[in-house]
Amino acid sequence: MTSYHVAQLNVARPRADLADPSMADFVAGLARLNALADGAPGFVWRLQDSDTGDATGLRPFGPDIMLNMSVWASVDDLRAYVYRSAHLDSLRRRNEWFHHEGLDHYLVLWWIPAGTLPTVEEAWARLETLGRDGPGPEAFTLRQTFPAP
Amino acid sequence: MVGVTAPDGLEPGLDTVAALHDPVRRAAYRAVAAEAGEPVGRDDVAAALGVGRTLAAFHLDKLVDAGLLEVTYARRSGRSGPGAGRPAKLYRPTDAEHAVSVPPRAYRSAAELLAEAVERAGADAVLYQVAREHGQTAGGGTAGRDPLTLLAANGYDPVRDGDIVRLRNCPFHRLAEEFPPVVCGMNLALLDGLLDGAGLAGWRAAIDPTPGHCCVAISKTKNR
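Same order as they appear, the protein sequences are chains A and B. Here this note's numbering runs 1261 ahead of the position in the first sequence, where the first position is 1. Here this note's numbering runs 12 ahead of the position in the second sequence, where the first position is 1.
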């Protein structure tokens, strides 16, 4: 019987270039938050650029869309990191640094067979599925989850 | 069938809440709830209340019948196997929330719609500013200069842990579970405003999640 991990994609539009002073707190917190994720229970993998160690330089969906993608052993593990760790404080301030203009849906979760990794193309397709069909077994959210196959 | 609003009418909430009418029973509930999720036994509750064990057990079991407490069994001494003794019957609050409103009101349904709208509109900063202002007004109205009194008077359940005050009750619990950044941010701003309004410059509220507590903790600022 296959076991599954949960993959997540979140996208946003930065309000300014990362070098801008208004983004300083976001940039300053990156290394710590990524290290926190790496050490969190149930963490499996996160997308990163080989130079920077994070995904902030990647623009596969267009010049103004930043992304973050990761894989976790369970939805509970993901939720614990996102909402019950120091990450919550950054999330609280996200509107200082990011907006979601034109992105009706900006967070999607989906199940992948354990031991595989998601691609950005697949991730975007899941986000589109969420937008088209609403939360379901193929694409869902932290607020409305579906069990693994 | 609940519909889009879910008013907290008399059924089924009233019977549950009414179970707390008796003062001894209410004290027994509070004694268990004060343990913040740690199961507690009949004898400890009896001692806390200054009543006999049989009476404590009677009230605790009534609270279980009402759905306010649940029972768990544990071996207190860490022994196991035959001859280890009967497991102790322990009590702790259930996860359920109970509300009664007369006439029936559905403020939580409205709160969910408003929270989602704030999130969708990206209006977090406005909400935080509003919350801060409300906190400042509430803090300005209190005579107490001690943070624990101030917090307890404003619906939180503070407990001191050295130079940190943690909150065992989240007044917005279910809403915070659905909309964590927005509602926790709102709560932080409210507490920040409360401390500011009460003139407690030596204390600072910050996001600091720990299991079983509100995600906001209050700590002494360094130069005090």
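Source of the hints: derived by calculation from the structure; they are not laboratory data. Given the structure is predicted, the values throughout are model-derived calculations rather than measurements. Accuracy of the hints is not assured; some may be wrong.
[To be verified] Straight-line distance between alpha carbons at most 25 angstroms, and here's what the computed SDA-like set of lysine to any residue pairs gives:
hint, chain 1, residue 1, chain 2, residue 2
1, B, K234, A, R1354
2, B, K101, B, Y119
3, B, K232, B, T222
4, B, K232, A, S1346
5, B, K234, A, D1286
6, B, K234, A, L1349
7, B, K234, A, A1289
Numbers of unmet hints, in rising order: 2
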